[in-house]
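A.B. asks: The hints should help you fit chain B onto chain A, whose structure is shown.
For the record, the sequence lines run as chains A and B. Add 639 to the 1-based position in the first sequence for the numbering used here, that's all there is to it. Add 1049 to the 1-based position in the second sequence for the numbering used here, that's all there is to it.
These are calculated hints, taken from the structure and not from any lab test. Because the structure is a prediction, the values reported are computed rather than measured. Where is the CB? At the ideal position from N, CA and C, for every residue including glycine. Accuracy of the hints is not assured; some may be wrong.
Said to hold, decoys possible - One-sided and incomplete, this derived list gives chain A residues near chain B with beta-carbon spacing under 8 Å: (1) 687; (2) 834; (3) 835; (4) 857; (5) 859; (6) 861; (7) 864; (8) 883; (9) 898; (10) 901; (11) 902; (12) 904; (13) 914.
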Amino acid sequence: MSTPQIPTPLVKIENLTVRFRGAQTVHAVNGVSLTLEPGKVLGILGESGSGKSVTLKTLLRLLPESRTDIGGKVSVDGRDVLALNPQDLADYRGAVTSMIFQDPALALDPVYTVGEQIAEAIVRHEKTSMKAAMARALELLELVRIPSPARRLKAYPHEMSGGMRQRAMIALALAARPKLLLADEPTTALDATVQIQILLLLRQLQRDLDMGMLFVTHDIGVAVEVSDRLAVMYAGQIVETGTVRELIRDPQHPYTKGLLAANLHGAKKGERLEAIPGAPPALTEPPDACSFAPRCKFVQDRCRAALPPAVQLGEGRVVRCILAEQALVAAA
Amino acid sequence: MTLETHPDRGGAGTPLLQAKTLTKHFPLGGGAVVRAVDGVDFAVMKGETLGVVGESGCGKSTTARVVMQLLPQDKGEMLFDGEIVGGQALTLKEYRRQAQMVFQDSYASLNPRLTIEDSIAFGPTVHGVSKAAAILKARDLLQRVGLDPARFAARYPHELSGGQRQRVNIARALALGPRLVILDEAVSALDKSVEAQVLNLLADLREEFGLTYIFISHDLNVVRFISDRVMVMYLGEVVEIGPVEELYGDPRHPYTKALLSAMPSMDPDNRTMEAPLAGDPPNPINPPEGCRFHPRCPHAQTVCAKVKPILATMGDGVRQAACHMQVPGSGHSHAPALEAAA
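Same shape as in the complex, but just chain A (with noise of 0.2 Å):
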């Protein structure tokens, strides 16, 4: 464990941005900015498009790199990772940084086992014999509380239900001992006596193995179950942050308010809904004024001449929004 005293962060991303080239360039990231420290959890909430997804593939560099341009920061456990070559990036892959995904049927490899898919991460990384790489892969799988897991190890994915591929895809995630788990959508797919199981089989993995998780999901509630801290992002950007609890009490920014809103929990019955109009932009350029000004029942003027402010709100909560700036001001 690291000592407490000393925060430095696990994860460090510094105005990153993101912009796929083609036939129409995307601009899906523009300016996150993001930290989490070693053994935390950051919930990273957004719709569609709203570039959570391309945020955490950046951190492992998934993205098609021969169409894909990115600039700013990012570090992770102290390395740069935009930076390494590949020899160190496989190193990397797996062994600080790991990553499940929504559907496990296409993350795990049709044609081997189970275990002999989790045996190879170990002897990729490790260095250990096959036979040795299975016994850890057995001890995987009853970490991650597979029913019969001596069996399982010779199953074939599509042998197995959704939420036993669901748990075998965490156990190869944690074959190479991560400090950081990515986790994308990981629950979506799943019915939703399967979901909680797994949300709290990650709580608890993410708290005994001490490592940091980074969780991408746009249900407020799943967010809320796993997560320290949230990031809400919107067009490419976070738009709000700040504790579990600070964002659900006391959401700042219009797009959280709506979102919590949309949410419907505790939406009575025949009230109408407070629904966001319009749909998020399509990013094809930078954004210049506040992305959500043209869904905003706020807006001013300024949100449209210019990019929101970061607005400090406490250690930890930022919101960009001129409202947060004039309530401060206001206050002052």
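C.D. replies: For chain B alone, coordinates are given in the frame of chain A:
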């Protein structure tokens, strides 16, 4: 000619739709059978929204397809406003005008080679409306679902966002003047902020056209918001039906209880500590004997493994649950005493 909405025949007391022991099995070969829907009974009253919830393999989508008659049932029958569906008084073609469906995948359910006004007008022309009248109606419906016909009528499905396409699908469902609309995960693929817009639209349209909805969803928050009554399914059977607030506030079937407590907590100081159920929902190929939930039920007793519980009506008459703990004299130690029921 234009299509008129069918008049109410049976009166307010007659359910708009009554399903009686609906059964749909799919043979797999080798003697195995998927018992997707296994003797389902329910009624939908006029003007209400019946929410249907349950997990993969519970039969909610197959039920919707049988109700739509996209799949013929193996057993059972349906009454629509008192008439047998597919009988003398109500032919299948006539029934299908009165019952329409909206699917989850807004793109797959539209013909990519038809403009959206042609897609909406297609159904009415099949039923004998002139092309010109059908197009006029299509534009009117586009207006009502919040898409400006001048901008959208001539577009193709790929030119619209998911939320806009789902509005088109809703307009198309309404083009035949239906009385019953089945929404099968119709808002599930939409982003939360867009989902709220479509839910508001559905509420407005229900009012304006006097519609009755069957609303199928895995999202228990959405179902609570939109439904008057909720039906919970498990492995091809109905386990509980009741008014939404009573069912959410005081679930009577252990599965309903488990499903509700599996919802993520929205309270950071009160997060879920324990998963209500272990493992995945079983598949409906070889469902357990007796109560199908008994192998996962924390209250299971001998009777549960042997005897299939009936969908029993509770004291107040509006709620039903298929659980031995609710039936006096069932043999379950938690069942109410026989005298108390008398």
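A.B. asks: Next step is simple, just say for each hint if it's right about the structure.
C.D. replies: These are the hints, each one checked on the structure:
1. At about 6 Å, the closest approach between the beta carbon of residue 687 (chain A) and any beta carbon in chain B falls short of 8 Å, and the interface hint on this residue holds.
2. Checking residue 834 (chain A) against chain B: minimum C-beta separation of about 7 Å stays under 8 Å; hint holds.
3. At its closest, the beta carbon of residue 835 (chain A) sits 4 Å from a beta carbon of chain B; the interface hint therefore holds under the 8 Å criterion.
4. Interface hint status for residue 857 (chain A): upheld, as the beta-carbon distance to the closest one in chain B is roughly 7 Å, under 8 Å.
5. Of the supplied interface hints, the one on residue 859 (chain A) holds, with its beta-carbon coming within about 7 Å of a beta-carbon of chain B, less than 8 Å.
6. Interface restraint check: residue 861 (chain A) against chain B, minimum CB-CB distance 5 Å, threshold 8 Å, status holds.
7. Residue-level restraint check for residue 864 (chain A) holds (minimum Cβ-Cβ distance to chain B is 5 Å; threshold 8 Å).
8. Hint on residue 883 (chain A) holds. Least Cβ distance to chain B is approximately 4 Å, under the 8 Å limit.
9. At about 6 Å, the closest approach between the beta carbon of residue 898 (chain A) and any beta carbon in chain B falls short of 8 Å, and the interface hint on this residue holds.
10. Using the Cβ-Cβ criterion of 8 Å, the hint placing residue 901 (chain A) at the interface with chain B is satisfied: the shortest such distance is roughly 4 Å.
11. With a cut of 8 Å, the hint placing residue 902 (chain A) at the interface with chain B holds, because the nearest CB-to-CB distance is about 6 Å.
12. For residue 904 (chain A), the interface hint holds, the least distance from its beta-carbon to any beta-carbon of chain B being 5 Å, beneath 8 Å.
13. A cut of 8 Å between beta carbons decides the hint on residue 914 (chain A): the least distance to chain B is about 4 Å, and the hint holds.
In summary, the structure agrees with every hint in the numbered list given earlier.
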